[in-house]
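Asks: The numbers in the numbering used here rise by one with no breaks, and the one at position 420 of the sequence shown is 420.
Quick caveat, the hints were computed from the structure, so don't treat them as lab data. We put the beta carbon where it would ideally sit given N, CA and C, even for glycine. Any given hint could be a false lead.
As the list claims (entries may be wrong) - Okay, derived cross-link-like pairs now, DSBU-like style, lysine-lysine, Cα gap no bigger than 35 angstroms in a straight line:
1) Lys246 to Lys272
2) Lys538 to Lys463
3) Lys233 to Lys246
4) Lys181 to Lys272
5) Lys163 to Lys222
6) Lys238 to Lys225
7) Lys538 to Lys486
8) Lys233 to Lys181
9) Lys565 to Lys486
10) Lys538 to Lys520
11) Lys254 to Lys238
12) Lys314 to Lys517
13) Lys189 to Lys233
14) Lys507 to Lys434
15) Lys517 to Lys507
16) Lys246 to Lys319
17) Lys163 to Lys238
18) Lys222 to Lys233
19) Lys254 to Lys312
20) Lys507 to Lys520
21) Lys434 to Lys486
22) Lys314 to Lys520
23) Lys246 to Lys222
24) Lys314 to Lys189
25) Lys181 to Lys266
26) Lys233 to Lys314
27) Lys538 to Lys565
To be verified - The calculated label-pair distances, taken between Cβ atoms and stated as ranges, are:
28) Asp137 to Gln330: 47 to 57 angstroms
29) Arg441 to Asp363: 22 to 32 angstroms
30) Asp363 to Pro524: 24 to 34 angstroms
31) Ser5 to Asp286: 19 to 29 angstroms
32) Ser440 to Pro524: 51 to 61 angstroms
33) His476 to Pro524: 35 to 45 angstroms
34) Lys507 to Asp363: 58 to 68 angstroms
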Amino acid sequence: MSDLSHVRNFCIIAHIDHGKSTLADRMLDVTQTIEARERKEQILDSMDLERERGITIKAHPVTMRYQAEDGQLFQFNLIDTPGHVDFSYEVSRSLAACEGALLVVDAAQGVEAQTVANTHLALEQGLTIIPVLNKIDLPSADVPEVIRQIEEVLSIPMDDCLKVSAKTGMGIGPVMEAIVKQIPPPRGKVDGPLRALVFDSTYDAFRGVITYVRVIDGALSKGDKIRLLSTGKDYEVKETGIFTPKPLAVNSMKAGDVGYLIGNIKDTAEIKIGDTVTRTDRPSKDPLPGFKQVQPMVFSGIYPVNTSDYEKLKASLDKLILNDSSFHYQAESSVALGLGFRCGFLGLLHMEIIQERLRREYDMDIITTYPGVIYQVYLTNGEMVEVDNPAHLPEITSIDHIEEPKVNAFIICPNEFIGDIMQLVMDKRGELEKTDTLDSRRVMLTCNIPLNEILIDFHDRLKSISRGYASMDYEHIGYFEDHLVKMDIMVHGEVVDAFSCIVHRDKAVERGRQMCKALKEVIPSQMFAVPIQAAIQKQIIARETIRALRKDVTAKCYGGDITRKRKLLERQKEGKKRMKQIGKVSIPQEAFISVLKSTN
């Protein structure tokens, strides 16, 4: 479609389970993009994990043709974005490929944490936002109350609010007309030098890397020589196409189009999300704004339970990284766990999904070590080093101070749980910034919390305190200095590197006791007493002792002289002392699995 005024690029943003993918289904029905025999629920969520968890993990673009009420034909490019904060950089790049967004809010549940976070992202990108109230056919829907919440919390005027039921298809027509009337057409130079925004990529075993692009200026055709501005590498375009939602090859893509390109690109690591594609023979001098390297925020070690599966695990990670360029890994070895990998993730959900895919798609039995974040360690000589593994922390004498990442968390919860949730936030070294009343039942708490504190059990505890009613989303706000120390766990005087972690000084004793106690339960008794100690710079802060097994050496001495028994017991004591000096404690694999589970 050569006329840019008839093109609309938009996305749908919403909290989990507010009906984003179902609304996309109804739009595909109205525009007859999909034949009746191919229809199924949440058609854009193609991964098993997406369909099971009811969440969108990867962005799924689709091009639709819509005939407006006045008879004009429009091209709609919908980009179905991930809604979760872990994928916020991918969301922001997907939003950058659009001019407008449909903000879907559940008329029964109202504004939730991700509604707030995603609206902030869309407003930062300068998008036109069209609010849509979904599920108005539910008996519990409270439309006037939700309209008030959107106006007060999100400051979006709700004068001509769209009310729909994505499930039944009620009210979809006015939504399509609102997209035509309210979302501006693309502002690109059709005859300018090519500039296309990369917003995702996947890997196909037969065709190599498939790059998802939004053409901003110029045109892109099969056979063109292209250059990626972040790496400066050149490639040849083998195929261009659009999504309907299946890939459909077309001869060329013009400014305003959303689709894919396949070139002679063999490795997704060469494709950076947010990069600019231009032509080699007529390159654009200016890259598109907002590009940054995706930085992992959470790190964890992944080891095979069976050490002979190391090569299989490496091959599985290689395949995973092809479809997920934001996932990073490098080989590492641990005295306790053998050979494995240090993996970097965008956040907790991302980590869970990668681990679940390893177990399910690649049939891997894995142990994951205690997750941690990247710390910025400032040395006395003025240098700054980034540390993601406690084992790599420099000597304490050379450290000036350590900074840790903090997040701004939005927690929405019912009124009666405010006290308990504020206590949880304070337990996790968080600070409450403000509270906003959403309605007669719920409030939104905005707090600053160190990312390290919400990695393990924060979400679970939040849900159990609020009986499942609280929702949380967060955004990163930078690095801040705090009193952080490295804590080692020693078994029989030897440091076990797999259990080392960086903790706040005030929480070290509690954390040390917790780990020593957990280890005491799973390490089998030896013939001598085994001390389990938590230490900070050789200073013991917690201890548990596994009692020795005791053989009854006096069993044969019935009756007779007591000195005979004493002599045998003394000899046993000498033997134990000698054994303690030469004895080694081998920690079974199960101990690592259960301790890491009990502390996760």
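Asks: Take the hints in turn and mark each one as holding or not.
Replies: Status of each hint after checking the structure:
1. Lys246 to Lys272: holds (23 angstroms)
2. Lys538 to Lys463: The given pair, whose Cα atoms are some 38 angstroms apart, is violated under the 35 angstroms limit.
3. Lys233 to Lys246: Answer holds: lysine 233 to lysine 246 is near 29 angstroms, not above 35 angstroms.
4. Lys181 to Lys272: holds (34 angstroms)
5. Lys163 to Lys222: violated (43 angstroms)
6. Lys238 to Lys225: Holds: lysine 238 and lysine 225 sit about 10 angstroms apart, inside 35 angstroms.
7. Lys538 to Lys486: Given pair lysine 538, lysine 486 holds - Cα atoms ~11 angstroms apart, limit 35 angstroms.
8. Lys233 to Lys181: violated (41 angstroms)
9. Lys565 to Lys486: violated (48 angstroms)
10. Lys538 to Lys520: holds (20 angstroms)
11. Lys254 to Lys238: Judged against 35 angstroms, a Cα distance of about 16 angstroms means the pair holds.
12. Lys314 to Lys517: holds (34 angstroms)
13. Lys189 to Lys233: holds (24 angstroms)
14. Lys507 to Lys434: holds (25 angstroms)
15. Lys517 to Lys507: Holds, because 16 angstroms separates the two Cα atoms, which is no more than 35 angstroms.
16. Lys246 to Lys319: holds (22 angstroms)
17. Lys163 to Lys238: violated (44 angstroms)
18. Lys222 to Lys233: With a Cα-Cα distance of about 18 angstroms, the restraint between lysine 222 and lysine 233 holds, given a limit of 35 angstroms.
19. Lys254 to Lys312: violated (43 angstroms)
20. Lys507 to Lys520: Holds, at about 20 angstroms.
21. Lys434 to Lys486: holds (33 angstroms)
22. Lys314 to Lys520: This hinted pair holds, its Cα atoms lying about 33 angstroms apart.
23. Lys246 to Lys222: holds (19 angstroms)
24. Lys314 to Lys189: This hinted pair is violated, its Cα atoms lying about 45 angstroms apart.
25. Lys181 to Lys266: violated (42 angstroms)
26. Lys233 to Lys314: Holds. Lysine 233 to lysine 314 sits at ~27 angstroms (cutoff 35 angstroms).
27. Lys538 to Lys565: violated (40 angstroms)
28. Asp137 to Gln330: 47 to 57 angstroms: At 51 angstroms between Cβs, range holds.
29. Arg441 to Asp363: 22 to 32 angstroms: Violated, at about 46 angstroms.
30. Asp363 to Pro524: 24 to 34 angstroms: holds (30 angstroms)
31. Ser5 to Asp286: 19 to 29 angstroms: At 25 angstroms between Cβs, range holds.
32. Ser440 to Pro524: 51 to 61 angstroms: holds (57 angstroms)
33. His476 to Pro524: 35 to 45 angstroms: Distance hint for histidine 476, proline 524 holds at roughly 43 angstroms.
34. Lys507 to Asp363: 58 to 68 angstroms: violated (38 angstroms)
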